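Novice: In case you want the letters, here they are:
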Amino acid sequence: MPRYSVSRRRALALLTLTSILLITLDLQGNAVVDGVRKVFGAVFAPIQDSTRVITRPIENAWRGITGYDELTKENERLQDAIDQQEGAFIAALATVRDAQELLALNGIDNLADISSITAQVVGEGPSNFAQTIEINQGSNDGLRVGMPVVNAAGLVGKVTEVFADRAIVMLATDASYAVPVQVINLPEEETTTTMSTSTTTTSTTSTTTTSTTVAPMFESPGVGGSTSTPVVGSTSPAPTTAAPSTSIASVLTVAPPTTTPARTTTTVDINDLPATETGALRGRGADRAPIVEFIDQSSRFGEIRVGAVIITAGGSKSLAPRGIVVGRVVKVVERSGTSGAVLEVRLSARLTSLNFVRVLLYQPAASR
Amino acid sequence: MIEFLNRSYVRVALVGLLALGLQTTFLSSAPLAGIVVQLMLCLAVAAGVSGGSERGAITGFSLGLMFDLVLSTPLGLTALVYGLAGFLAGYFNSLSINHPWWLRSIVVGGSSLIVMFVHPVLATWVGVDGWLTTRVFKVAVVVGLANAAVGLAAVPLMRWTLAIKRQERLAPPPEIYA
Numbered sequence: 002m003p004r005y006s007v008s009r010r011r012a013l014a015l016l017t018l019t020s021i022l023l024i025t026l027d028l029q030g031n032a033v034v035d036g037v038r039k040v041f042g043a044v045f046a047p048i049q050d051s052t053r054v055i056t057r058p059i060e061n062a063w064r065g066i067t068g069y070d071e072l073t074k075e076n077e078r079l080q081d082a083i084d085q086q087e088g089a090f091i092a093a094l095a096t097v098r099d100a101q102e103l104l105a106l107n108g109i110d111n112l113a114d115i116s117s118i119t120a121q122v123v124g125e126g127p128s129n130f131a132q133t134i135e136i137n138q139g140s141n142d143g144l145r146v147g148m149p150v151v152n153a154a155g156l157v158g159k160v161t162e163v164f165a166d167r168a169i170v171m172l173a174t175d176a177s178y179a180v181p182v183q184v185i186n187l188p189e190e191e192t193t194t195t196m197s198t199s200t201t202t203t204s205t206t207s208t209t210t211t212s213t214t215v216a217p218m219f220e221s222p223g224v225g226g227s228t229s230t231p232v233v234g235s236t237s238p239a240p241t242t243a244a245p246s247t248s249i250a251s252v253l254t255v256a257p258p259t260t261t262p263a264r265t266t267t268t269v270d271i272n273d274l275p276a277t278e279t280g281a282l283r284g285r286g287a288d289r290a291p292i293v294e295f296i297d298q299s300s301r302f303g304e305i306r307v308g309a310v311i312i313t314a315g316g317s318k319s320l321a322p323r324g325i326v327v328g329r330v331v332k333v334v335e336r337s338g339t340s341g342a343v344l345e346v347r348l349s350a351r352l353t354s355l356n357f358v359r360v361l362l363y364q365p366a367a368s369r
Numbered sequence: 020m021i022e023f024l025n026r027s028y029v030r031v032a033l034v035g036l037l038a039l040g041l042q043t044t045f046l047s048s049a050p051l052a053g054i055v056v057q058l059m060l061c062l063a064v065a066a067g068v069s070g071g072s073e074r075g076a077i078t079g080f081s082l083g084l085m086f087d088l089v090l091s092t093p094l095g096l097t098a099l100v101y102g103l104a105g106f107l108a109g110y111f112n113s114l115s116i117n118h119p120w121w122l123r124s125i126v127v128g129g130s131s132l133i134v135m136f137v138h139p140v141l142a143t144w145v146g147v148d149g150w151l152t153t154r155v156f157k158v159a160v161v162v163g164l165a166n167a168a169v170g171l172a173a174v175p176l177m178r179w180t181l182a183i184k185r186q187e188r189l190a191p192p193p194e195i196y197a
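For the protein sequence lines, the chains are A and B, in the order given. Numbering follows the working numbering, in which position 32 of the first sequence is assigned residue number 33; successive positions increment by one, without gaps. Numbering follows the working numbering, in which position 48 of the second sequence is assigned residue number 67; successive positions increment by one, without gaps.
No wet-lab data here; the hints were simulated from the structure. One should not assume that every hint holds.
Stated by the list, open to error - With a cut-off of at most 30 Å between alpha-carbon atoms, the simulated DSSO-like pairs for lysine-lysine come out as follows:
#1 Lys74(A) with Lys157(B)
#2 Lys332(A) with Lys318(A)
#3 Lys74(A) with Lys332(A)
#4 Lys184(B) with Lys332(A)
#5 Lys39(A) with Lys318(A)
For clarity, every value in this text was computed on a predicted model and none was experimentally measured.
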């Protein structure tokens, strides 16, 4: 059994103490440590870039060997998904347009107003535990620590380290990631049974009723510069509107001010709008789905259903603006007492195969 | 200039930078069974096998510190773990006088496996959440096996890096004289 001399013990103790000192300094947010990281990042970047160029052919060959079957299957699956989504996409575009108009009318920021920068994913996290990616845009392009990162499908993560022309993004699956979110519950479904002479058919009907009436309107100057827009020819029994301001009532009627004679009036019963609740989304590592917890569940919200949509909640201190699609609830774990349910979430964005992402140049109102 | 490049710490820095380049590019993008092979850890352990526990600890600490500078985890955590890895590998290696290639491979793989369990434990201890999951078992096994294979090349490489002469290499480990 080997024994160690005093000098060796001292050397080992010194290394351990140095590590502990460095960990303590870094956890407290030391400027020197950050500076050293930045300098090393600048020195290391050319080495990393050249290694990437040299090893890319080998990497592509490796991926070709190990991922070909999966890629073929994924391609077929995606083709099916595209066919299914084409119709839904067109309908969704109209809805998004309506929503943006409503947000603009109410002076609420929406995602379309936030500048963004497209970045390419140039590297993945070298650790097996931290979930990070590296992108090819940095502080020279206006990126700051904390900015949200999205792709076409939804939330990807947030910027955690910024260098001159690259940045590290912590993925939403990382155990250190957390963001306030809203859970938009699905409308209640009721089962109706229709009897016929020969067969019994069971169908599921959504109770959400949204009536949309397209009507020509006349315009006249209103009080305080607002525009009164009486609706003529509407099929709605109560054709009164309030524009541009909107009132939250049992029935919300909104008509955007316009100069064109034909407008769209959307009448939505507010009781039929999907109920929302806020909570906190937290990543749990690569192999486990992120969860939403601390949900303040009200009676109107009802029981949370699998498939409920999760979006970012926004707020003056939140690093992400409101309205970024996060994903859907795949499992509801009820807990006893006042701790509330925990929701397992399947993220909309596929974080395992990211190529291009968008960094929203957004900073919360509290830190502007 | 050549004399400068022949110094072991300069070689450690150069080999470390190249390995870090590979670690953050090719190895990160081409995982093995979903797990990133830890080349930097392999080199730290190989340093312990070829140079003994003390040199292994110092080299492992240096390599870990370089790795720490590109990770978002607390600076010093990987340095501490890799320093321990180098020390452990040197210690295990000193238990035997003869070191055939297969034994070196087992020592590299075994030390890597142990360290992959220690890393998330220490991370949790310093406040990094979410590392200590059942995935650790898969990570440890894959990294251990991969490093056992890569160790066959990494041990001679670290022997050169640490400028260990043949005479010193064939001599019994220094620990037995201590």
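Novice: Evaluate each hint against the coordinates.
Specialist: Here is how each hint holds up against the structure:
1. Lys74(A) with Lys157(B): It holds: about 26 Å lies between the C-alpha atoms, which stays within 30 Å.
2. Lys332(A) with Lys318(A): OK: Lys332(A) and Lys318(A) at ~28 Å, within 30 Å.
3. Lys74(A) with Lys332(A): 26 Å, holds
4. Lys184(B) with Lys332(A): 61 Å, violated
5. Lys39(A) with Lys318(A): 27 Å, holds
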